[in-house]
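Just so you know, the sequences run in chain order A and B.
The first sequence begins at 41 in the working numbering and counts up one residue at a time.
The second sequence begins at 35 in the working numbering and counts up one residue at a time.
Note that these hints are calculated values from the structure, not bench results.
Be careful, since some hints might not be right.
Using 20 Å as the maximum straight-line C-alpha spacing, the simulated DMTMM-like pairs for lysine to aspartate or glutamate come out as follows [unchecked claim]:
#	chain 1	residue 1	chain 2	residue 2
1	B	K348	A	D76
2	B	K78	A	D211
3	B	K78	A	E168
4	B	K80	A	D76
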Amino acid sequence: MVGWCLHKGLAVSLPQENVDTDQLIPARYMSIPRADGYGPYLFYDMRRDENGTLRKNFVLNRHKNTTVIVARRGFGSGSSREAAVYALMDAGIRAVVAPSFGDIFAANCINNGLLPACLDEKSCAALENALANDAKNIRIDIKARVISLSNIKTGFSLDDSWATKLINGWDDIDLTMDHAAEIAAYKDARSRNAPWAWPVVAD
Amino acid sequence: MAAAQTLLDKLWAMHEILQREDGVSLMWVDRHLVHEGSHHAFAKIKERSLPVKQPDLTFAVVDHYAPTSRVAKVGNPRVARMISTLRSNAVTHGLRLYDLHDPNQGIVHVIGPEQGITLPGLLINCGDSHTSTHGAFGALAFGIGATDVAHVLATQTIWQRKPKALRVEVDGVLGAGVSAKDIALAWIAEHGTNGALGYAVEYTGSAIRNLSMEGRMTLCNLSVEGGARFGMIAPDSKTFTYLEGRPYVPKGQAWQDACADWRALVSDEGAIFDQNISLDAAKIAPTVTWGTSPEQALPISASIPDPMHVPAAKADAARAALQYMGLKAGQTLEGTPVDQVFIGSCTNGRIEDLREAAAVLRGHRVRVPGLISPGSSQVKAQAEAEGLDKVFMDSGLEWAASGCSMCVGMNGDIVNDGKRCASSTNRNFKGRQGRGARTHLMSPAMVAAAAITGALTDVRQLLASRDL
């Protein structure tokens, strides 16, 4: 994963509450191998009509170079499917700005280099208003936790440990392997203190 | 004297290997449950040539794509590929696999407890948001995404920041025809889908103690629809009675020792929660969703709200939901015609759920078609031993094999565009049960009532007329 701390791109507004991961990618597209790319399935049912034709008025169809989505509360709630993040990433999205995110979705974002920027309702509404009629250039600085769009400049919140991970593009498995000795010691203690924590041989 | 601890505090401390300076903890994972959807994670560890660290703590199950008609050969090549990929990953890594035709196969959150893979005091992960279900046994159980599944496969650990603690206390007695599903929908309707975001919920109070293990699982399962990644209930004698003798549960002296340890898994008197919510069980009515989010739920006797009169922040969502659902403000929920019904899922596919539905259906013919998919092959066998399958089929409903089925539609069991389904599942999201599907969430008994009348119905009236 490649780290980043500054993004300059194009933002659009998706003014809907609780855009869940089923809407981000319908379940029927989740059996596809990642290597094939998930971009075409992002917002599939919102993006296309029942015949599969792109809806001209859907915001991401109007602005194909979008890299940032300004959304409303509860973005990414629901299913833990990481495919929702793959679809966003593969479609070129680098950040989502919203007042709140589904917990598992936000963690999945961080694991894939996508920024879930948490913003208070009022600032988010200001961005939404600024994007009411058009896509606009946006600048996001993770280190400074600042979003700039037109004449709006606003802070956002992001867990420090998540910021570090996004900026460095770290992979948790490597970090964890460094703690092999502590893990082994814990396992040893657990098997002594809680022998019931190991499944009995059932079959 | 040590400070009073919550159940969360105790479970967290038991599993914490270390805490980084930034406050994030490295946690030991006692059980890791994987399913067909875990293919991304297996691909990730393959890329790095990493083995599964603890195959003995990893259990695999075919559920999300399991066809509910168990023919010899899976017809849909996409579904067949998902199942065969899991099969080959299980063989490669030496994992216990509950395959399609295994007599113990079922939905991961149903078979975990059923097989005794789930125990009090364990940390349980699964690449599925409804992993919160297992918290009903006093376990620390939470859903994770594919990258974290790969991490658990490779290291048997997970990095996690400790959530805040929320107590949902439910006292009093539930009315006839009111169940754990209604408790869940009632608190989510009141506090919203983001109400418990960042919290682990512990359910306490007399109404919770009185719930069966099945009811507790339903409640913990739906924690995630209220925004919480964790739901939990302190284990008690009911928990131990449920578990004793199940395949993976300790036996003999080891069982006695385990129970002694597990009895300490309660929030101490005076433990401080970050937030407290209380509900009066007696005031909870059978509850039904009317919109496209689980928070858009109301008692069956209510009318559909006018977006003009809901809080401004929720007005747009209400408007969009009514349009998608094909409903009008002011219309009563009761009497809304449905096209079909579904009973099943990790939320309400257990034996007690089927018994409750059968109790309503017995002696009736249904007005609309519907599918019943038991939560596991064991639940199916039990239901058949009790003759419930006959009640369902005599009423005109279809009795199928177990799997996630029409809750998520991955196996091809879907609700068609524009059709309205009364469903015992967990998500009424747009398109969840199929593109354009209109889902109303409710308890299995309420689904049964809707099947009989062909419309959303207060099951209490059907039960009352039966008692006469």
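Here's how the hints hold up against the structure:
1. K348(B) <-> D76(A): 38 Å, violated
2. K78(B) <-> D211(A): 12 Å, holds
3. K78(B) <-> E168(A): The given pair, whose Cα atoms are some 37 Å apart, is violated under the 20 Å limit.
4. K80(B) <-> D76(A): 17 Å, holds
The structure shown violates the earlier hints numbered 1, 3.
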